[in-house]
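Let's have the full structure, built from the sequences with the hints guiding it.
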Amino acid sequence: MSLVYRLLNRPSRLFGAAAIFTFLLIGTAAHAQVDEAEYGAGEKLFKANCGSCHKPDKDMTGPAVAGAKERWDGKGDVHAWIKDSQGYIKSGNAHAKQLFEDHNKIVMPPQPLTDAEIDQVLYYADNFATVNAKKAPAKEAPAAGTAEPAVTWPWWLVIGALFWIVLFSLGGVRKQLANAVREKQGLPPEKDLNTWGRIRRWASRNKGWASVVVLLFVVWMTVLLWNWMFNIGVYGGEKNAHYKPSQPIAFDHSLHAGKDNLAINCQYCHSGASKSRHAGIPSANVCMNCHQAISEGPKTGTEEIAKIYAAVGWDPGTMKYSGEQKPIKWNKVHNLPDHVYFNHSQHVAVAKLECQQCHGPVDTEMDQVQQWSPLTMRWCLDCHNTTEVKVAGSDNGYYQEVHRRLTETPMGRRELKKYLEDEKITVRELGGFECAKCHY
Amino acid sequence: MSSTKRYWQDLSELEPASTPVKTAAEEFNEPMPLDQVLADGGIAGSTTSRRDFLKFLGFSVGAAALAACEAPVIKSIPYVNKPEEITPGVANWYASTYYDGEDFASVLVKTREGRPIHVQGNPRFGVNRNPATGRSAVNARINSSVLSLYDSERLAGPMEVTDGNPSQRSWEQADKAIGDALAKASAAGKRIVLLTGTVISPSIQEAIKVFKAKHGLNISTGDPAVSATVGGAVDHVQYDPVSYAGIASANLKTYGKWAFPSYDLTKADVVVGIGADFLSNWGSTTENTWQYTSRRRPEDATTARPMSRHWQFEARMSMTGANADRRVAVRPSQIPQVVLALHDAVASATGNSGAGKGQLPEGIAAAAAQCAKELLAAKGKSVVMCGVNEEGIQVLVNSINTMLGNYGSTIDIRNESPFFRGNDAAMAQLVKDLNAGTVGAILIHGTNPAYTLPNAEEFKAGIKKTDLSVCFNSHADETASLCNWITPDHHWLESWGDFNPKAGTFALAQPTISPLFDTRQWGESLLKWSGVGQDWHTFVQTVFKGISTASWDQCLHDGTFPGNAMATEPTAFTADLADAARRATDGVKEGEWEVEVYTTEALASGLHANNPWLQELPDPITKVTWDNYVSISPEDLSTLTGKSFKQLYIGQESPAQVLKVTVNGVAMELPAVMSPGQAPKTISVALGYGRGANGERVGRAACLRNPDGSPAPVGQNAYPWSALRGNTMRYEAYDASVEPTGRTYAIALTQTQMTGMDRGSIVKETTFTVWALNKPEEYNPPHTLAVHEDVNKDGKIDARDQVPATSINLWADHPIEEVGHRWGMSIDLNACIGCGACITACNSENNISVVGKDEVRRSREMHWMRIDRYYTSDTHEDTEGLSWAGKLAAMERPSADPTVIFIPMMCQHCNHAPCETVCPVAATTHSEEGLNMMAYNRCIGTRYCANNCPYKVRRFNWFNYVTEDFGQVNPAWDELGRMVLNPDVVVRSRGVMEKCTLCVQRIQEGKLEAKKQGRPVKDGDIQTACSAACGYGAIVFGDLNDAGSQVRSGRDNPRGYEMLEEIGTQPNVNYLVKVRNSSEGDNHQA
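Protein chains in written order, with our numbering: chain A, 1 to 440; chain B, 10001 to 11086.
It should be emphasised that the hints constitute simulated quantities derived from the structure, not laboratory data.
Hints are not guaranteed to be accurate.
Stated by the list, open to error - Derived BS3-like pairs: lysine-lysine, alpha-carbon spacing no greater than 30 Å straight-line: (1) A:Lys352 - B:Lys11018; (2) A:Lys320 - A:Lys352; (3) A:Lys326 - A:Lys307; (4) B:Lys10373 - A:Lys352; (5) B:Lys11018 - A:Lys326; (6) B:Lys11012 - A:Lys418; (7) B:Lys11012 - A:Lys424; (8) A:Lys329 - B:Lys10110.
Claimed, not checked - Distance ranges between label pairs, derived from CB positions: (9) A:Trp228 - B:Leu10057: 51 to 61 Å; (10) A:Asp338 - B:Phe10059: 22 to 32 Å; (11) A:Leu381 - B:Asn10948: 47 to 57 Å; (12) A:Asn289 - B:Asn10947: 56 to 66 Å; (13) A:Asp338 - B:Phe10517: 43 to 53 Å; (14) A:Ile199 - B:Asn10948: 28 to 38 Å; (15) A:Gln356 - B:Ser10152: 25 to 35 Å; (16) A:Ser246 - B:Asn10948: 46 to 56 Å; (17) B:Asn10947 - A:Arg413: 38 to 48 Å; (18) B:Lys10209 - A:Glu324: 49 to 59 Å; (19) B:Ile10547 - A:Ala250: 40 to 50 Å; (20) A:Asn227 - B:Ser10152: 33 to 43 Å; (21) A:Trp156 - B:Asn10948: 49 to 59 Å.
Predicted, not measured: the structure shown is a model, and the values here were computed from it.
From the three backbone atoms N, C-alpha and C, an ideal C-beta is built for every residue, glycine too.
Structure, rendered in structure tokens:
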């Protein structure tokens, strides 16, 4: 009520509001002018036939499609050009020839489209900017982080406070009762000592118990210190902070690998994982397999992708490599000490583990990669101790031979019996606990 | 019985009271260097009180704990554009070819992320490969050469030298200056000389033609004896630092060819070497070795192809002599007589005309007669090789081989070897011409005459008189630093190349790394200066297309390709034998002291002096590292110095006696090392040492630096003791004077600490005759121990109740037999020639630190494997009439002419390992696959394990060798040298123990590969570095649980024995008894 009142009393503000309203109205009206069906059909055709080389509003391998009709106006037949560009050049059209030469003589293959379909594509391209300006009013705030784990400590505080209140009240009651008793017996009331004084009094009266308490306290602190020291320099796992270094490029794993997003297989980029001891940080040329065409991302726009271009020396304007390369200095996330030999391919190609088993939900939760598992020797051995290796009936000839030696020789059968005490053959039993498997 | 022979490792063992015997029971023959450690920190002299010390301690512990809380941020930089063939973490292997003018081999180069880190023989192609076994031989010099790639003293680019100071120029500047100077010389009608080692590359030959066509008339006559004397043109003079011109010249006389013959020892039933160290340093050693060893396994012997019989006549106990069935020590002056005696015996038996009788002492004459008899019994299947570089002797040797019908079978002169074309006469003429000022320009590649010529001073003076001198050497070495320009060639691992190592065979070399420095292949430089702008890669391809129609890619992949060979029929032999006999003995007279200079297994002519791995490789016989020395017989040294054997012992605190030797008027003072088997009153000194004595930058390790920066050359240069006599360079002198100086010099020997003497389970040797009886209990009796049980059922428990030592077991068995893998090794002492290629291969594979002379002297060398050398004597344990002590002393008495046995020794991977039980922190444990594992990061350095190891194979890191203190010798210190490290193996730090792992990184890699391919591990898939380096099958590695494996058959061989089996360690390494093709009398000179 008061708002309307104030607005009515402030003409200038009213004018502003009216202006905004009008602007919005016009905007909506402009949007309304786009023929949804025509636009949709065009979009579909564009994505199916043109998208790998063209963008509606920007130059890529080929020029931006928007405005093509105007550009061709009076210079030739845009339909014929799109249907068979080389044929049209041969027919002698000067503009066609010029266009071909301007775009590095990249041949556009003939497109099996009808005139009507081409019009739909062009309609889509011409209206692309308008529609998208509406669709993306602002960058969405980044998705809220993962749900916080249930916070329980305030409740504990409350409970603790209540406990102390009860304790103090009871103490007070006890003291008053005791004093009442003493008064009745004709004794002076108890000396009013502070807490520390009372503790000392108790300790001097119960020396044995006091020593036990002090001893227990020292042992407890030592254990705490000892356990704390085990975690020095350890990241990851349930107890420690996850190491999450900043990176020179804000590469988002969940965007690239997440199954709701691009769902690119991990080993498309980390191709060493099945072949080598190192999974490998992909070289920038691997990025360029896609990013030659994709210069703009949904979150950071062109800013981060431009860093790849700078590294490989790619000029997105001319679509050419300059030859100037600048390696990207990533910050290594998963660090093993030098005296540990770890081989990815053993775990990926032979044991067929999922990457996520050790690296955590990189694909779903990590926009910036963090060290998920602690990578301590205990962590390695815990897994080796419990993981079963399928030896009997394995389709791997190596393990078939292991099985043969275990079953066809007396010594082997004796060993097999020992192995099977827990009803499975674990990595440990096949040597996964031995020093020289990882340290040499 | 031969198996009861006694072996000793060092003469000092003959003196039971000597230091090494006393300390033999200890792993390290000196206590921990506590004083030195303390002195480093200056603690001993400081005034810090105990309280202050505790404060500092507390503070530093706190600070260290705080610092440890923060993990450092590690950068990781991937390729921008990853080459398709590289997967980081996976090795790539490339076929290539090694040739340096002395050694040739087809090799495989292992690269990691673009860095070559290991070289081994090509198991599929090449002349150095045994086609029957697929094993390929490389020697220590070849597999170590990967390290010289990363020598930080290599020149960084073309250098112009003015007044002895090199300054770097661009290639454009160099090309312009050199091109102009060449044009000037050419226009002035002055001679242009191209001085190279022996060229066996078709492309280089082609490039030289192009160069000749541009800069002068090509009037080379094809006869190298003449070419150097033709003036006014471009002359190509080939010069070998260690010459074979005598042989080439003899072949020119007898067969009309200036050439070194091609030998085929696989066809030789009888091999006679006369002063020719053909397994180590004479001829095409990479071929000789596999061919020789292919006839040395008794199991392979048949009636048609018996085990070969090897005679060796020589002055110094060479590695080849150590392998001989019958070795005869002769003085250099007696060698012509031995040849004459053989010639006479063979001629009279075959009805040919003789050339006079040899005059020899009775013993040697009898040996020569016996040798001739055996040669005659193997006509057409024998070979006589002589190392004396003199035409007359070589004509006689050719004559012997001709009479025996060996041409066409064991020797091929029709398809001659392309190696060793050097011409000493032409070189001598060149030095004269240089001094006469008739040479306008000289271009030098691959040789170092300012170091290797006896008249180096003349050469140095002469080269100053040329208008232009250009050197292609990679260092500013003795020769290069004298030239106007140094235009460094690539290292061979950076080079393209083609080679014609044998008639009908070609080999290709390809780069395995981009050039590290701004160098250029010398062939390309020649082309450039001839006005041809082609790069070398294209040029080699063009030449290739002219030779072969095969696919370039395929040939490059294989590393070799075939051409056409001529039929191997004998060629007509013509010779003036009387003239030859006259030449052979001309100027040869018995002197009081005779001298021979020789090349060593490690450094050869001195080309490899910059390689620390090779400097630290012990000599096969004397086990000396980092020095050259006078090799002298013990009796002679004892007489000369008036000292007993005990006093002559060389050890950490016992330096060697220094002798002053004068030859050709050149005196040198060198330490003396006793070498039993050295011919009496004869001394031998190695070439190849004493590089960079004038401060030239000849490469790391070749010449160390004193703290003040002055050069401290390794050893001394003995080339001045060689001399040109007649038309050939001679390496022996008959009139030396040797006198004691009374001074001493510390020298570093490895492996003098152990006594193998009284224990027949270390060395077992027998003869072929005994072996052929097929009674292993005769030559390979098991060790037995008396037990407190009535074993023989005679009702009494006494010493006769013996059971085999291996049947007694203190521990529970490790469950490794029949289960999973059981990695093991079988070492055939018959195939081991003692070359040491396995040691350097191990160095390269396992990042083994080089520790330098001083540390080696303190028995702190880090080699994971060694080759023990034992001398034998014929004194037996059952010698009658001596007291117990007297018997021991008698057994230890040296024979003047012992035989030698080599035993490769590394961690035996005992199933009941004594080291494992004493480790307080379980840093060394046993694996289910039979390996004795060593976890470095668990080790706290108590050294209990080393003390408890009966094989003395554990090595302790006394210092952090990757520090500046060891920077001069340890390649891992500088940035460049570090590139040779194998990234799959940790570099160990101070305070931890290390030892042979059986190349566990290769085992793991091989298993993983099998798993990935879903198949069992195939025998031969996994090779340790040493077994892959051994082209002779002496070291066989594999899975003992694989019934069909080679190592299993080695284990089950009746010759097999376990080292020290009586102590029950149950090693996974076993040895095969050495079988010599000798009879009982062979060990003595009759």
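Quiz item: Of the hints given before, which are not true for this structure?
Solution: Violated: hints 2, 4, 5, 9, 11, 13, 14, 15, 18, 19 and 20.
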